[in-house]
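**Student:** Line by line, the protein sequences are chains A and B.
For the first sequence, our numbering assigns the number 37 to the initial residue and increments by one for each residue that follows.
For the second sequence, our numbering assigns the number 37 to the initial residue and increments by one for each residue that follows.
Calculated from the structure, these hints are not laboratory results.
Computed from a predicted structure; not experimentally measured.
Here a beta-carbon is modelled for each residue, glycine too, at the ideal position from N, C-alpha and C.
Some clues are possibly wrong.
To be verified - So these bits of chain B aren't anywhere near chain A, every CB distance computed over 12 Å:
id	residue
1	I46
2	L96
3	G100
4	E101
5	G104
6	C116
7	Q151
8	K161
9	E162
To be verified - Restraint-style ranges between C-beta atoms, simulated for each label pair:
id	chain 1	residue 1	chain 2	residue 2	range
10	A	Q151	B	D119	14 to 20 Å
11	B	V156	A	H134	24 to 30 Å
12	B	S90	A	H134	44 to 50 Å
13	A	E111	B	R91	39 to 45 Å
14	A	D50	B	E82	30 to 36 Å
15	A	W48	B	R93	35 to 41 Å
16	A	D41	B	H134	38 to 44 Å
17	A	S102	B	R91	18 to 24 Å
18	B	V156	A	E162	32 to 38 Å
19	A	K161	B	D117	26 to 32 Å
20	A	E101	B	R91	31 to 37 Å
21	A	R93	B	A45	37 to 43 Å
22	B	E82	A	G130	23 to 29 Å
23	A	K161	B	T152	43 to 49 Å
2 protein chains.
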Amino acid sequence: MQNTDFLNAIKWTDDGLVPAIAQDAETGRILMMAWMNRESLSLTAEQGYAIYWSRSRQQLWRKGESSGNTQLIREIQLDCDADVLILKVEQQGGIACHTGRQSCFYRVLKDGEWQTAEPVLKDPKEMYS
Amino acid sequence: MQNTDFLNAIKWTDDGLVPAIAQDAETGRILMMAWMNRESLSLTAEQGYAIYWSRSRQQLWRKGESSGNTQLIREIQLDCDADVLILKVEQQGGIACHTGRQSCFYRVLKDGEWQTAEPVLKDPKEMYS
């Protein structure tokens, strides 16, 4: 049986969530940020791949379930306030974003505008067909 | 006058906030996550160093104002959902955490416990004296 003390250490939001930043364990690139509830973090720690909580769908979100782009967990880190997580991951398929890009953070502020600074690696239609 | 269209592109929370992840521009290390409101992001983009919104104090939080550990902005990135920011920063003094550590993410999940995996570089009493 899994020890759940580490879940109690976390300062969950009023909605019972905590933000989780997925970072490529090799390159340090930040891939995405999503949310976890108690169950999803518990499952993530147990099963070794990232399972988030989808706020829009209000259900567990097994990252990569449709696209195959799962995230293997190398390490889970917690911040000083115990209210933010980092997941150090191995990104399967090299694509974290639903737009078919490596990272969700593909826009950069330049001359007062958000400019797209990263190519689409795979057509989303192929990823979710 | 600053163009504010980039502020309108952001999906602010109901409280008018957006999470901002500060990442060391050189090493890729994630230093901290804090929140910004419209004013703090606008000022950050204008002045070139990180200014957050303190939710606990309900006021602008000029990072490093007391400690000297300011964060110079190298780049600001936005994610696909337009609801999370990354600040690529140059961390002055090499310390982002109020505990005197380089990063706020100094705890690692190991054997079902959060274990401290990083030394204190500077006594907080010295930082905030």
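**Student:** For every hint, state whether the structure bears it out.
**Tutor:** Here is how each hint holds up against the structure:
no.: 1; hint: I46; in the structure: violated (9 Å)
no.: 2; hint: L96; in the structure: holds (19 Å)
no.: 3; hint: G100; in the structure: holds (16 Å)
no.: 4; hint: E101; in the structure: holds (18 Å)
no.: 5; hint: G104; in the structure: holds (19 Å)
no.: 6; hint: C116; in the structure: violated (5 Å)
no.: 7; hint: Q151; in the structure: violated (10 Å)
no.: 8; hint: K161; in the structure: holds (16 Å)
no.: 9; hint: E162; in the structure: holds (17 Å)
no.: 10; hint: A:Q151 - B:D119: 14 to 20 Å; in the structure: holds (18 Å)
no.: 11; hint: B:V156 - A:H134: 24 to 30 Å; in the structure: violated (40 Å)
no.: 12; hint: B:S90 - A:H134: 44 to 50 Å; in the structure: violated (32 Å)
no.: 13; hint: A:E111 - B:R91: 39 to 45 Å; in the structure: violated (27 Å)
no.: 14; hint: A:D50 - B:E82: 30 to 36 Å; in the structure: holds (33 Å)
no.: 15; hint: A:W48 - B:R93: 35 to 41 Å; in the structure: violated (21 Å)
no.: 16; hint: A:D41 - B:H134: 38 to 44 Å; in the structure: violated (25 Å)
no.: 17; hint: A:S102 - B:R91: 18 to 24 Å; in the structure: violated (35 Å)
no.: 18; hint: B:V156 - A:E162: 32 to 38 Å; in the structure: violated (49 Å)
no.: 19; hint: A:K161 - B:D117: 26 to 32 Å; in the structure: violated (19 Å)
no.: 20; hint: A:E101 - B:R91: 31 to 37 Å; in the structure: holds (33 Å)
no.: 21; hint: A:R93 - B:A45: 37 to 43 Å; in the structure: violated (24 Å)
no.: 22; hint: B:E82 - A:G130: 23 to 29 Å; in the structure: violated (36 Å)
no.: 23; hint: A:K161 - B:T152: 43 to 49 Å; in the structure: holds (46 Å)
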